[in-house]
Amino acid sequence: MTTTTTALIPDDVLPARAPSGARRRRMKSMYPSWFYIPAAALFLVFFAMPTFASFYFAFTRWSLFAHTFIGWANFVEFFQDPQLTTGFINTFIYGFVTSAAKVVLGLALAVLLTSPVLGRGYLRAVVFFPVLVSTIGVGLTFKALLDPFHGLINGVLKNVFGITGPGWLTDPHMALLTVAAVDVWKGVGIATLIFIAGIVAVPQEYFEAARVDGAGSWAIFRRITLPLSRPAMGTVIILSLIGGLRSFDLIYAMTQGGPGFSSDVIASVIYKQYQAGFFGLSTAGNVILFVVVTAIMIPVSRLLNGKGAEEE
Amino acid sequence: MRHAQRVTVGVVAIVLSVVIFLVPFAFILLQTFKNPGEAGLLNINLPSHWQFVENLKEVLAADNGVIWRALINSTTLTVVSVAIMVVFSAMVGYVLQRRKSRINAWANFFILAGLIVPPAVVPTIWVLQGLHLFKTLPGMILIEATFGLSFCILLFRAFVSTIPKELDEAAIIDGAGPIRLFFTVVLPLLRPVMITVVVVQSVAVFNDFTGPLYFLPGDDNATVQLTLYNFQSQSLSQYNLLFMDILLITIPPLIMYLFFNRQIVAGMTSGAIKG
Numbered sequence: 001m002t003t004t005t006t007a008l009i010p011d012d013v014l015p016a017r018a019p020s021g022a023r024r025r026r027m028k029s030m031y032p033s034w035f036y037i038p039a040a041a042l043f044l045v046f047f048a049m050p051t052f053a054s055f056y057f058a059f060t061r062w063s064l065f066a067h068t069f070i071g072w073a074n075f076v077e078f079f080q081d082p083q084l085t086t087g088f089i090n091t092f093i094y095g096f097v098t099s100a101a102k103v104v105l106g107l108a109l110a111v112l113l114t115s116p117v118l119g120r121g122y123l124r125a126v127v128f129f130p131v132l133v134s135t136i137g138v139g140l141t142f143k144a145l146l147d148p149f150h151g152l153i154n155g156v157l158k159n160v161f162g163i164t165g166p167g168w169l170t171d172p173h174m175a176l177l178t179v180a181a182v183d184v185w186k187g188v189g190i191a192t193l194i195f196i197a198g199i200v201a202v203p204q205e206y207f208e209a210a211r212v213d214g215a216g217s218w219a220i221f222r223r224i225t226l227p228l229s230r231p232a233m234g235t236v237i238i239l240s241l242i243g244g245l246r247s248f249d250l251i252y253a254m255t256q257g258g259p260g261f262s263s264d265v266i267a268s269v270i271y272k273q274y275q276a277g278f279f280g281l282s283t284a285g286n287v288i289l290f291v292v293v294t295a296i297m298i299p300v301s302r303l304l305n306g307k308g309a310e311e312e
Numbered sequence: 313m314r315h316a317q318r319v320t321v322g323v324v325a326i327v328l329s330v331v332i333f334l335v336p337f338a339f340i341l342l343q344t345f346k347n348p349g350e351a352g353l354l355n356i357n358l359p360s361h362w363q364f365v366e367n368l369k370e371v372l373a374a375d376n377g378v379i380w381r382a383l384i385n386s387t388t389l390t391v392v393s394v395a396i397m398v399v400f401s402a403m404v405g406y407v408l409q410r411r412k413s414r415i416n417a418w419a420n421f422f423i424l425a426g427l428i429v430p431p432a433v434v435p436t437i438w439v440l441q442g443l444h445l446f447k448t449l450p451g452m453i454l455i456e457a458t459f460g461l462s463f464c465i466l467l468f469r470a471f472v473s474t475i476p477k478e479l480d481e482a483a484i485i486d487g488a489g490p491i492r493l494f495f496t497v498v499l500p501l502l503r504p505v506m507i508t509v510v511v512v513q514s515v516a517v518f519n520d521f522t523g524p525l526y527f528l529p530g531d532d533n534a535t536v537q538l539t540l541y542n543f544q545s546q547s548l549s550q551y552n553l554l555f556m557d558i559l560l561i562t563i564p565p566l567i568m569y570l571f572f573n574r575q576i577v578a579g580m581t582s583g584a585i586k587g
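Protein chains in written order, with my numbering: chain A, 1 to 312; chain B, 313 to 587.
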């Protein structure tokens, strides 16, 4: 933390004739560094410390009370055990599928819902509504709807279309993508909201000028809406990709990683190993998740922010 | 858009939205009126005997009224952790935007890390145990507050940049100190984005399942999300109670949203997303 000496400058030094340097320092002291301290304390104790500790405990056999250093054994196990490897691959699939779908659908919905369409207020509300329901609630509801024998969805497929619906959550080839689809159903409202905010922020004159120049809807979308909602696009991609790569609760509620291990992701593997008492292995999973997410997010955010837009 | 097109697209969208979004909610609602046997069939036939009140009573009484305890726990958790989050991150977002110093680079780095890096679960339990906060509500509150900081700081920082610095200067000339400047001048101006933050984070904390699952196990400290899982695992014949529970715990976030609906979008457009 920087010193607080500037605060000691008496007020009467300030008047009009005070040199600009002193004034700047005075302004600076109005934004005291200790404002960082409460948040920083929480962050260091409950986030940074466990994160750093995980880099040690990932290399141990650990019971929370005692730990023995075992080198890379946890990581070796992680990448040799086919069940755990599945979780590793599934994490990528899940993250990219949900994120891509949310971007495409969210943008499409936002364009629709910023145009003067019939029932706009109702549509906005209804698309956002699933965001309010807990992920576990959504998961359990869709588990019921997707039940292969009694479920409403297969019932409609059979009775209305005459198709025998698949075992959405019981077929190992489908389970992961089914959960991903429900994730999109639940989360697309946020993506839409962010895109709406982005599109609304575009000055109306641009659209008017384009229309005067005779641009059609597609041209307006490609040349104006799409490039100018780029910040919103970046926000949606980053948030949904992080969320997707870390996703746990929906998978836990709907399949618990099954059938077999076909819908396990790293986060659910972490939970299973934790539950089984393999704290070291669980923590190794955490470190792997950390590396995966960081390795993906750094290039993605570079790409999206151009030249460090974060820093202004 | 021409009028006819507007209506056609609208009608198609409304029909699709009913099928995709409203049917699942109608399904939830319908099950809460059924007896266990009919609810177990998982269809959308009307119940032969409507028993909403009985189901409600049964859910509220289940497991010695665990749901009441859970509601109190979840509410406490949400209110306190969001309050901490808002004040702490507003302070950071404000100073970070206003004052250019060497700390900024570090602060930005940590904010990004907090947003991206998945929390290390078991080591966090280890830290909580060391502080004697594992399986306690205060421990869970601090954890939720910490995990929400990054996102809140980003929103506050973006919004502070829209408040003219001349206001600060005027307040300083009038003799305000840093604390008065922040709490009486700046904080009230942050209201729009504060509403966004409060709504978004309250819904997130109230609906959080993973946090309590790891850091707050046990029936005494049950949160509403954990009660859901109990209904599910107890027996498959209690679908009516499960859906009643889902309905019950969706009401608080829903009320919040209905109240602040407009302000959420306003808060986001007024700075957060402009980048």
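Treat the hints as calculated values from the structure; they're not laboratory data.
A couple of the hints might just be wrong.
What the hints assert, rightly or not - Pairs of lysine-lysine, DSS-like flavour, derived with a Cα cap of 30 Å:
#1 Lys369/B to Lys477/B
#2 Lys369/B to Lys143/A
#3 Lys143/A to Lys158/A
#4 Lys447/B to Lys272/A
#5 Lys369/B to Lys412/B
#6 Lys272/A to Lys143/A
Unchecked claim - Among the chain A residues that face chain B by a calculated CB cut under 7 Å, a handful are:
#7 Leu118
#8 Leu132
#9 Gly137
#10 Leu140
#11 Phe248
#12 Tyr274
#13 Phe279
#14 Val291
#15 Val293
What the hints assert, rightly or not - Facing chain A, a subset of chain B residues (Cβ under 8 Å, in silico):
#16 Ala325
#17 Ile340
#18 Leu341
#19 Val407
#20 Val434
#21 Thr562
Even for Gly, the Cβ is constructed at its ideal location relative to N, Cα and C.
Each hint tested on the structure:
| no. | hint | result |
| --- | --- | --- |
| 1 | Lys369/B to Lys477/B | violated (56 Å) |
| 2 | Lys369/B to Lys143/A | holds (25 Å) |
| 3 | Lys143/A to Lys158/A | holds (18 Å) |
| 4 | Lys447/B to Lys272/A | holds (19 Å) |
| 5 | Lys369/B to Lys412/B | violated (58 Å) |
| 6 | Lys272/A to Lys143/A | holds (20 Å) |
| 7 | Leu118 | holds (2 Å) |
| 8 | Leu132 | holds (4 Å) |
| 9 | Gly137 | holds (4 Å) |
| 10 | Leu140 | holds (6 Å) |
| 11 | Phe248 | holds (5 Å) |
| 12 | Tyr274 | holds (6 Å) |
| 13 | Phe279 | holds (5 Å) |
| 14 | Val291 | violated (10 Å) |
| 15 | Val293 | holds (6 Å) |
| 16 | Ala325 | holds (6 Å) |
| 17 | Ile340 | holds (6 Å) |
| 18 | Leu341 | violated (11 Å) |
| 19 | Val407 | holds (4 Å) |
| 20 | Val434 | holds (5 Å) |
| 21 | Thr562 | holds (5 Å) |
Of the numbered hints given earlier, the model fails hints 1, 5, 14 and 18; all others are met.
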